[in-house]
Amino acid sequence: MAKKSSRDRMNNEVNAGSMADIAFLLLIFFLVTTTIDVDKGITVKLPPWSEDEPDITKLNKRNVYSVLVNAQNQLLVRGELANVDELRENTKEFILNPQKREDLAEKPTKAIISLKNDRGTSYETYLEVYNELKAAYSELWNDQAQKLYGVDYSEDLPLAYKKEIRKIIPFVISEAEPTNFGEE
Amino acid sequence: MSKFKKKRGKSQPAISTASLPDIIFMLLFFFMVVTVMRNSELLVDVVVPEATELQKLQQKSLVNYIYVGKPKQKNQAKYGTSPRVQLNDAFVKSSLEAEIPLFLEKHKIKVPEQQRPRITTSLRVDGDVTMGIVQDVKTALRKANQLKVNYSARPRAQR
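Going down the list, the sequences are from chains X and V.
1114 is the number of the first residue of the first sequence in the numbering used here; add one for each residue after it.
32 is the number of the first residue of the second sequence in the numbering used here; add one for each residue after it.
Think of the hints as simulated: they come from the structure by calculation, not from any bench.
One thing to keep in mind: the hints can contain errors.
[To be verified] Derived lysine-lysine pairs resembling BS3-like cross-links, with alpha carbons at most 27 Å apart:
(1) K1158(X) with K91(V)
(2) K174(V) with K1171(X)
(3) K1280(X) with K91(V)
[As the list claims (entries may be wrong)] Where chain X lies over chain V, by a calculated footprint (3+ residues, C-beta under 8 Å):
(4) 55-62
(5) 84-94
(6) 135-144
(7) 165-176
Where a beta carbon is used, it is the ideal one built from N, C-alpha and C, also for glycine.
Could you put together the complete structure from these sequences and hints?
Encoded structure:
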């Protein structure tokens, strides 16, 4: 009887000392399983599917900037062998045409980039080329944003600003169906 | 004034650790919320190429992933060495054009209706893969009317 009363007296507080340990254990588990790294990549909008290919032969030749990547990962820009490193600058010049040359785009709104690859082209090369083309546009957008609003072009820019910039320099990349060369 | 001084000098009380579990719990809840469990085991080796024009993918719940690459070493006996497409946790067995719409639909029903137009497909493609198989995936996506695509890439220092 006396024993019971002593047990009662001790029981009036639960030992919470190990609570921290339990919490630590769980914490470490979640620390290990967490992947903070955000997914990044080049966002593109694919054209809707249609059975018939768009006809670009009707377009004025000077407005089309054709980029071909073959199965050996070589680059052919407007019929001439080219290097990926020069692609960005050349594309910018083509779109803006600051010297009003006869063979470059009439104005940015009419410029069209035509990208075509083989089925044997490596994905790495394709993405590199695509990246350069996109970089050319984003550099132009940046210049435009600086000129109009005095800020850099970024995704956080107000939608109205972005729309205005994209109206002046629209992003047009047309991708043709690839040719069947070099498939493994 | 003397009363105040006396009291302090008398004894050094131990720092209370009673709030330690609370702090740990707070950290715990933070990580629990942030954690995204890897829902599919990768069956293919994917080393995504490098690029500079990267955009972050905003909401993870609105993204579905398609992996393209060579099967991992341990799977090569079973699946060969040529590049394959992985949806969820299995390879595409029959044809891309049959399985991709199903895969997209399965993801779509989990997303609230008003957010469905913002669903993005993240293509995690190995750099060494040829464009043929990527083109097939793209064509299948276009036919399934899933037009928002993100080519997954690693950041690269500006040249």
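Here is how each hint holds up against the structure:
For the suggested pair K1158(X) and K91(V), the alpha carbons sit about 18 Å apart, so the restraint of at most 27 Å is met. For the proposed pair K174(V) and K1171(X), the alpha carbon gap of about 26 Å is at most 27 Å, so the pair holds. As the CA atoms of K1280(X) and K91(V) are separated by approximately 30 Å, the hinted pair breaks the 27 Å bound. Three residues within the 8 Å Cβ limit are the bar, and the stretch 55-62 of chain V against chain X gives 5, so the coverage statement holds.
Counting residues of the stretch 84-94 of chain V whose beta-carbon sits less than 8 Å from any beta-carbon of chain X gives 7, enough to reach three: the coverage restraint holds. Residues of the stretch 135-144 of chain V lying with their CB closer than 8 Å to a CB of chain X number 0, which falls below the three-residue condition for coverage. Coverage of the stretch 165-176 of chain V by chain X holds in this model, with 8 residues showing a Cβ closer than 8 Å to a Cβ of that chain against a need of three.
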